[in-house]
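Each protein sequence line maps, in turn, to chains A and B. In this text, residue positions in the first sequence follow the working numbering: the first is 1, and each later residue adds one. In this text, residue positions in the second sequence follow the working numbering: the first is 1, and each later residue adds one.
You can take every hint at face value.
What follows is a list of derived Cβ distance ranges for each label pair:
#	chain 1	residue 1	chain 2	residue 2	range
1	A	E35	B	G16	15 to 23 Å
2	A	P75	B	T74	13 to 21 Å
3	A	Q129	B	E36	50 to 58 Å
4	B	S22	A	V140	32 to 40 Å
5	B	K73	A	N72	22 to 30 Å
6	B	Y3	A	D116	39 to 47 Å
7	A	E119	B	P104	27 to 35 Å
8	A	V60	B	K73	24 to 32 Å
9	A	T65	B	M40	32 to 40 Å
As a list, the in silico DSSO-like pairs of lysine-lysine whose alpha-carbon atoms are at most 27 Å apart:
#	chain 1	residue 1	chain 2	residue 2
10	B	K69	A	K87
11	B	K69	A	K120
12	A	K120	B	K73
Don't read these hints as lab results, they were simulated from the structure. The structure presented is a predicted model; accordingly, all values stated were derived computationally and were not measured. Backbone N, C-alpha and C fix where the C-beta goes; we use that ideal spot for every residue, glycine too.
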Amino acid sequence: MSEEMQQEADGKIKKFMYVNRKAPYGTIYALESLEVVLIGAAFDQDVSLAFIDDGVFQLVKNQNTTDIGVKNFSPAFRALGDYDVNKLFVEKESLDERGLSSDDLMELTWEDEDDDWEEKPSIQLVSRQEMKTLLGNQDVILSF
Amino acid sequence: MAYELNGNTIEHDEEGYLTDLSQWNEDLAVVLAKDENIEMNDEHWEVVNFLRNYYDEYQIAPAIRVLVKALKKTMGKEKGSNKYLYTLFPYGPAKQACKIAGLPKPTGCI
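In isolation and in its complexed conformation, chain A is listed as follows (with noise of 0.2 Å):
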C-alpha cells in the first residue's frame, strides 16, 4: 500500500484554519470561535488561527470587561497550548493600522513535550502577503 494510500485508510489529517476578524465584545463572534476551536481540538487535525482586522484586539493583554458586564474570556487563550494549538498567526499590518504592536499582545505560549517540555511561543506575526499564502494553503477555513 502507497503511503498515500495508508494515510487515506487511517483518516487524513487536514490542515483547519480558523480566521478571526471581530473584536472580542459586542459581539458572539470571537467567543464562539474560540470555543469551536477548543472543541474541534479533540480531532487530531493541523489547526491554526488567523488574527485579522479588528480580530487582532482578541489578543490584546490586560482586558477588563468588567464595565461591560460581560465575562474576560481572554485567559482562555492561554490554555490553547494544552489543546495543542500552537499557530496563532497575527497579521502585522491589521496591528499597524490600530496603532497596535506585539508589545501590546498577550505571552502566549506552549510546552513541546519532544523539546523537554520547553516553552515557546505560540504567536507570530505575518504580513499581509505571507497571511494570503497561509489561506491558500488550507483544506478548511471557518471564518468567524
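Keeping the supplied structure of chain A fixed, place chain B upon it in accordance with the hints.
Coordinates of chain B only, in the frame set by chain A:
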C-alpha cells in the same frame, strides 16, 4: 431545580451543574458528590481542587485529554492517566469532577 444545603437553596441546571459558580463551597461539593454516588476522599479532592485552580486561571473547564496531560505533569504518570481518573469518577472524570467542583460542563464534552 436546586440543591438544599444548611437551609440555603442553590440553583442548578437540568444536568446538575451550578447556575452561579460563586455559590460553591466544600460542603456543597460533598452534597454534589453524594448525588453522583461518590464519597469524597483526599484523591477526589486533589482532582477537584486542581480543576478549580485550572478554571480560575484559564476561565474554562478542561477537556479530559487536557486534564490528564496537566495532571501527568504536576502529579506524575500514575495520577495523570485515564484509568486513575475513571477509578475516582467512574461516570466520566471531566463531567463528574467538574460538576462536583462547581464548574460548567467542560467545553467539548460530548
